[in-house]
Amino acid sequence: MIAEDLVIEKGVTGGDQWVTVPAERIREALLALKGDGFRLLVFLTCVDHLVDSSREFPARYEVVYQLRDLEKPTDLRVRAFIDGDPPRIDSVHDIFPPANWEERETYDMFGIVFTGHPGLTRILMPDDWVGHPLRRDYPVGGEVVEFSEEHKIWQTAPEEA
Amino acid sequence: MGVEELVASLGDNILTTTLGKLIGWGRGNSVWPAQFGLACCAIEMIATATAGVDIARFGSEAFRASPRQSDLMIVSGRVSQKMAPILRTVYDQMPEPKWVISMGACASTGGVFNNYALLQGVDKIVPVDVYIPGCPPRPEDLLNALMILQERIKAQGIIPLP
Amino acid sequence: MSTIESPGVTISRTGEKGAFGGELLTVNFGPHHPSTHGVLRLIVDLDGEQIKRVQPVIGYLHTGIEKQMEALRWQQGVVVTDRHDYLSPPINNLAYALAVEKLMGVEVPSRANALRVIMSELTRLSSHLVWMGTSGLELGAMSMLMYCFRERDTIMDLNEEISGFRMHTSYIRPGGVFADATPRFLEMLDKFIREMPAHVDEYEDLLTMNPIWRSRTIGIGRLSPEDAKVLGASGPMIRGSGVAWDLRKSIPYSGYEDYDFEIAVSNDCDCYGRYLVRIKEMREAVKILRQALDRLPDGPVNVDDRKMLPPPREELETSMEAVIHHFKLFTEGYSVPAGDAYVAVESGRGENGCYIVSDGTHKPRRVKFRSASFVNLQALERMALNHMIADMIAIIGTADTVLGDCDR
Chain W
1 MIAEDLVIEK
11 GVTGGDQWVT
21 VPAERIREAL
31 LALKGDGFRL
41 LVFLTCVDHL
51 VDSSREFPAR
61 YEVVYQLRDL
71 EKPTDLRVRA
81 FIDGDPPRID
91 SVHDIFPPAN
101 WEERETYDMF
111 GIVFTGHPGL
121 TRILMPDDWV
131 GHPLRRDYPV
141 GGEVVEFSEE
151 HKIWQTAPEE
161 A
Chain B
1 MGVEELVASL
11 GDNILTTTLG
21 KLIGWGRGNS
31 VWPAQFGLAC
41 CAIEMIATAT
51 AGVDIARFGS
61 EAFRASPRQS
71 DLMIVSGRVS
81 QKMAPILRTV
91 YDQMPEPKWV
101 ISMGACASTG
111 GVFNNYALLQ
121 GVDKIVPVDV
131 YIPGCPPRPE
141 DLLNALMILQ
151 ERIKAQGIIP
161 LP
Chain V
1 MSTIESPGVT
11 ISRTGEKGAF
21 GGELLTVNFG
31 PHHPSTHGVL
41 RLIVDLDGEQ
51 IKRVQPVIGY
61 LHTGIEKQME
71 ALRWQQGVVV
81 TDRHDYLSPP
91 INNLAYALAV
101 EKLMGVEVPS
111 RANALRVIMS
121 ELTRLSSHLV
131 WMGTSGLELG
141 AMSMLMYCFR
151 ERDTIMDLNE
161 EISGFRMHTS
171 YIRPGGVFAD
181 ATPRFLEMLD
191 KFIREMPAHV
201 DEYEDLLTMN
211 PIWRSRTIGI
221 GRLSPEDAKV
231 LGASGPMIRG
241 SGVAWDLRKS
251 IPYSGYEDYD
261 FEIAVSNDCD
271 CYGRYLVRIK
281 EMREAVKILR
291 QALDRLPDGP
301 VNVDDRKMLP
311 PPREELETSM
321 EAVIHHFKLF
331 TEGYSVPAGD
341 AYVAVESGRG
351 ENGCYIVSDG
361 THKPRRVKFR
371 SASFVNLQAL
381 ERMALNHMIA
391 DMIAIIGTAD
401 TVLGDCDR
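Protein chains in written order, with the working numbering: chain W, 1 to 161; chain B, 1 to 162; chain V, 1 to 408.
Worth double-checking, as some hints may not be accurate.
To be verified - The calculated lysine-lysine pairs, modelled on DSS-like cross-linking and capped at a C-alpha distance of 30 Å, are:
#1 V:LYS249 - W:LYS72
#2 V:LYS363 - V:LYS307
#3 W:LYS72 - V:LYS280
If you're looking for bench data, these hints aren't it; they were derived computationally from the structure.
Predicted, not measured: the structure shown is a model, and the values here were computed from it.
The shape of chain W in the complex, shown without the other chains (with noise of 0.2 Å):
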């Protein structure tokens, strides 16, 4: 079982069982977890808590991993909370080859870095864009459209998100 100082915080939401694990030490609880059977990455993926008021985080980025194990079947997802100019976490493409895309992915949106990784470049945008589009101080974008009522909210960078 995973070792339990590696475990801040653990639940259940909506019937999904989930577990926050300290970003320094993820590829530990990442290693425990793959050798307790969740052997399989479903997806590797970032949530800016920025402005959001329902409840208190720990950080504004959280990094979501979330991980089966292909015999029972169940799945569990690990959460780690990180912040900083640019966000810094391990990589754990080694562990979990299907991460090297997602953590890449992850890098083009959201700006965090992975370390340790073989090749963080941009995949989905162009590679000199500048900007992490996915954070929720970047706009929407696009064009505005007249009446619309919202399109002052879209085409600006949202204060309150």
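With chain W held as given, fit chains B and V onto it using these hints.
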């Protein structure tokens, strides 16, 4: 190219009018599209080429893979920021005379998606002759657009040299 | 060693001797290519005709769907989910609808579940038909395109009958489905189910024992079961390598546990095996459709929750609460309780999932689509090594990537 020069050397008379009609008829009835299927509209474009709808009876038998052998570019699908320079390059590689049909809402105006990642209409980088609304438009809509374009080509006849 | 720097991608002409004494040649399978199933760019290093290295470059169809959904309300987002994996729109809708319902804690009625299963299986058929038509076209069997799209047209007619749209139906929505099936739809579906097995037999006649098809697909694109599991492949990519993993059986949803069907598995581990898996899946889809149609339960098709779905128009004349609910739903939209949820469904390509994060308001905070094509494409290099360049087409075809799904 060679035809326009020949006609310019003949001057303005009844011979060139009939020749113009003949050329327009020839060009209009054999419009060869370049394959430029990008997204969902591409599937409906392929469906237009299949037996139920059959674009081949309008002369567009061969969807050429190489832009150098085609005269129509059907932009079918959404054009992202990364794809835009490539679309312009392919358009530039097509020899004159060339036409562009912008198929679907995303190619015409950005469609459902009004955001950073898409060109809000392909007419921002290439000149468009016919727009087809729809998401995706029916295969018959593409045929309708082709017929509109054919009438325009036939009416144009000889395209004057610049 | 000379390197050519193109922005973001480094291609090295290593100068090492290939097997026949020459250098490695770098070829660009550009995004504008007739056979790459969409705008996929591959940078291939060749030694003569043998593939030594494959680097996929994606992003040419990046649509910003995840950002777009943060700007739309929960019920408006359904329209956008259709368009990411554009060969199977109802299945994307289903993943999103199930995730929202999981967070809201609602259960849809059984008639809605049956209709959802019907639409999913019809879509699976349509997706495999497009795959087979275009793969046949690329490998030279041009008539496959005509045959397969004939059946797909019937499925499009069915889609149009039930939802008004041919392709992007937006039929499956959080809370149920768009509208009940008309009697004409049920008739058309019955006719389709009766005729489809003969058509699948026709396709098998054309391809399965065809010596050209076999020589172009047997032994090509091998992916061992261990590699498939390690690389996270799903769908026919993993079932064609002998691993019997199908989300409809392992983590069932929408009542799939009540239907009697088999998982299509092949031990061949190559392109031919995956072709056999897809043919079998088409037959099983027809079986499921027959069971769903025969057992279609009566009842409502939407959950009876006024906080989520608008009241019927007749009620607006008599009830004030109905008017208020109607107003709130059509201006602000419903709010989903704070939290996050992930639901995965089995699409024609594999595991397509939707992860939503809600902060309790009427718009999502984050919607992430777990895309089967994105993960399956990482296996491309493993499958293509040491094959000939002409086999690259067969391998890209067998992966059945949809670039809209990959790039979102």
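We went through each hint and held it up to the structure:
Restraint check for V:LYS249 and W:LYS72: satisfied, since their Cα atoms lie roughly 12 Å apart, inside the 30 Å limit. Of the supplied pair hints, the one linking V:LYS363 and V:LYS307 holds, its CA atoms being roughly 15 Å apart against a limit of 30 Å. Distance hint between W:LYS72 and V:LYS280 is fulfilled; the C-alpha atoms sit about 26 Å from each other, no more than 30 Å.
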